[in-house]
Amino acid sequence: MSETSEPIVSAPVSPAKAKFLRFLVRDAGVLLALVLITLFFSVSAPYFATPGNALKIFVQIAINTVLAAGMTFVILTGGIDLSVGSVLALCTVVGATVMIDENLSPAVAITLALLACMATGAACGFLNGWISTRWKIPSFIVTLGMLNMAAGAARVVSDNSTITGLPQSFVDFGNLIIGGFLPSIFLVAVLVIAAGWFVLRFTVFGRMIFAVGTNDEAVRLSGHNPDYYKVAAFTISGLTAGVAAMVYLLRLNIGSPIAGVGYELNAIAAVIIGGTSLSGGKGSIIGTLVGACILQVLSTGLQLLGVGDNFKPIVIGLVIVLAVILDAYRERLLRKIR
Amino acid sequence: MTDMILSLEGVGKIFPGAVALSEVSLSIARGETHIILGENGAGKSTLIKLLAGIYQPDSGAIAFNGQPYQPRTPHDAQQSGIRIVHQELNLLPYLSIAENLMLENLPRRAFGIVDRKALNSRAVALLKEVGLDIDPRTRVEALGVAQMQLVEIAKALSYDSKVLVLDEPTATLTPPEIERLFAIIKRLKAKGVTIIYISHRLHEVFEIGDRVTVLRNGRLVASRDLGGLTVPDLVRMMIGRDIADEYGFDASIVPGKVALSVANLKRDAATPAISFDVKRGEILGVAGLVGSGRTEAMRALFGADPKLDGVIEIDGRPVAIAAPKDAVRHGLSLLTEDRKGQGLLLDMAVDKNITITDLGKVSRHGLVNRRAEAVAANDLVSQLRVKAASIEQAVRNLSGGNQQKVVLAKWLFRGTSTLILDEPTRGVDIGARREIYQLLWMLAAQQKGIIMVSSDLPELMGMCNRIIVFSRNKIVGEVPRSEFDQERILSLAYQEYVRP
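So the sequences go chain by chain: A and B.
Under the working numbering, the first residue of the first sequence is numbered 1, with each subsequent residue one higher.
Under the working numbering, the first residue of the second sequence is numbered 1, with each subsequent residue one higher.
Hints may be right or wrong, so weigh each one.
[Said to hold, decoys possible] The list that follows gives simulated cross-link-like pairs (lysine-lysine, DSS-like), each with its CA atoms no further than 30 Å apart:
| hint | chain 1 | residue 1 | chain 2 | residue 2 |
| --- | --- | --- | --- | --- |
| 1 | B | LYS266 | A | LYS136 |
| 2 | B | LYS340 | A | LYS19 |
| 3 | B | LYS325 | A | LYS136 |
| 4 | B | LYS387 | A | LYS19 |
| 5 | B | LYS117 | A | LYS136 |
[What the hints assert, rightly or not] Label pairs and their computed distance ranges (CB to CB):
| hint | chain 1 | residue 1 | chain 2 | residue 2 | range |
| --- | --- | --- | --- | --- | --- |
| 6 | B | ARG108 | A | LEU144 | 57 to 65 Å |
| 7 | A | GLY152 | B | ALA110 | 37 to 45 Å |
| 8 | A | LEU265 | B | LYS128 | 30 to 38 Å |
In short, the hints are calculated from the structure, not lab data.
Glycine is no exception: its CB is placed at the ideal position from the N, C-alpha and C atoms.
My request is simple: use the sequences and hints to build the entire structure.
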């Protein structure tokens, strides 16, 4: 009697209505939360609702957004990537080392640095995915190992020192605010999100990412190799860590072996707050963008409200836990709708 | 009237979509050994779970020692003195035998420290009861299955059980171990313990049983003395119904060339090699008891599990199948027995479940064409009469039959030359069952090869051109349609399990 617990119900609501409700519960909920939090701080916190503050927030969320975009792929397949913070650190020192090479013209140096960052990140990500699928080790453990290895490699590459002296044109681009409202590095983050959204929504590859996260055994027995998609997801996460390293260089103008400490946790938090399920198969990258915004708006808003640095993490931690509770609740709600 | 320790009056249990037990009345006399028989799904395990307090009956009443018996939890059942030894053993492998035996009631000294001495001496006494001469400090993982079984029984005895329920205790035992077990059962019986014994092995029940209850499709067929009955009598009672022609065997479809042949397929060093083939336009039945290696053989063939050796030919050409993707590429399809765990993307929509086998068909340059996908999915949904609110509905919310149709649809979407169906109608209601049968005939008419694994013997006999029978990982026989005979197939299925 294996069919016991299954309710034999068809959809209790019409398809169109279900679709709308699904949108409301899954995507609009997070957006609504962002709007409410923003409104709250706009009214209560001095200087919050100023153009300058908005710009600051855009600049500050760029790195986390890029990291979280790649993290979304990994979490959708049911994995986790704890290594992105230190992979970012490794990439900043690799990129900075390439960029300050005096034998190269600035344009060539910057291009090569970008490629080096992406290649380094992707290689780390590929290793994460390959090791965890090849030996069937939980990605939690493998990426924890990579976190340490990349951090060590960053120190080796940089000889344990900060690398400065990036080309002026590069620094200028990092400070650029397009049209007076769009910081260049936020544009980079938005482009990464847009690319991720396109891939997940429209491509065969994106479909397979969701399918693998939903039931990798069913995918395997349908004639695919789920490991291929898992490795790809980790490689993408590494790749975005490389891109995030370039954003870091644009913003802070230094390559640092101790950069990125704890970034992985912010990225995971953004993904989860954005409504992607930790068990895989469900979520959206737009939600991730909103999740990153919520984190930063909270952080900035609390600071402007005068909540001390000691209390800020308590509030943010509570919000993360709340998001996961809501996620469980949302699952139940969605099941009723479908 | 004899002294009845347990009596059931009109007991029924209904699960959504399936009646597991209906109007079952029987009584069990104090001190007897009562055999319960029935095919897979006849309601035996539901009955036990009612006694164990895992399920509660929806109708009827159970009396224990003349008092109403309504256990809400397994703990309640134990307190009353009814103890179940389940088929899957529930021992903790890394704890000692003694700890396992008295886990729920460890002897303690001051400060809650376990009294090892008392623990081990009590354990020795319990092990002696079941004739197990082994150091109680041994970790359970070091024991063989038979020894574990005996530990389970000793554990049941430690609670001073009045009624001991043994669910297929001999399934994994060797003949000498079975002898030992029977001796213990007889000794317990002499001490006044009532035993309810469930088994698939018809021959052995005569040795220990006093009375027998036969269940079929959740209903009571008979509850009577074993004396005067024979094995064929029991088989007839278990299977019962004649094969009504709900299957629609189509004699006009003539099997053609061999579609798939398997030669000397060996899963591992311990299992025997098997060989069989299926022709185009043929439905080949695979019979055997649950656990006889049918599913494992199909999974190995499909590349789902590793295999040691064997030659697989499709349309006469040898093919290498190392993973399911190779099998699929060569035109094989597998409908797994675990539909939810292995067949479907439960939380994804009907259309996405159907196209997963070949997204290339509805995409260009790596982009999914949602419109083409919807058209293809809608086609299959209407062809197979899948009842869903829309193709965007998550398959989780479909009924068992409609879920199964979605699994079939995904293979039809891919296009297939040979389908392997493992329990295709399990958990599927009668209406959808017939539609699945019709669909299989349509596929046979299209000259596809079909392998049908099923525990429902009448179904196999109704649907198949030939039946091969598995018994303890071996193919022990092949029966052509003209020679179909329930008793013959069943006795083949039991062949390797019956003691010489």
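Cross-check of the supplied hints:
| no. | hint | in the structure |
| --- | --- | --- |
| 1 | LYS266(B) - LYS136(A) | holds (25 Å) |
| 2 | LYS340(B) - LYS19(A) | holds (24 Å) |
| 3 | LYS325(B) - LYS136(A) | holds (19 Å) |
| 4 | LYS387(B) - LYS19(A) | holds (19 Å) |
| 5 | LYS117(B) - LYS136(A) | violated (43 Å) |
| 6 | ARG108(B) - LEU144(A): 57 to 65 Å | violated (40 Å) |
| 7 | GLY152(A) - ALA110(B): 37 to 45 Å | violated (51 Å) |
| 8 | LEU265(A) - LYS128(B): 30 to 38 Å | violated (57 Å) |
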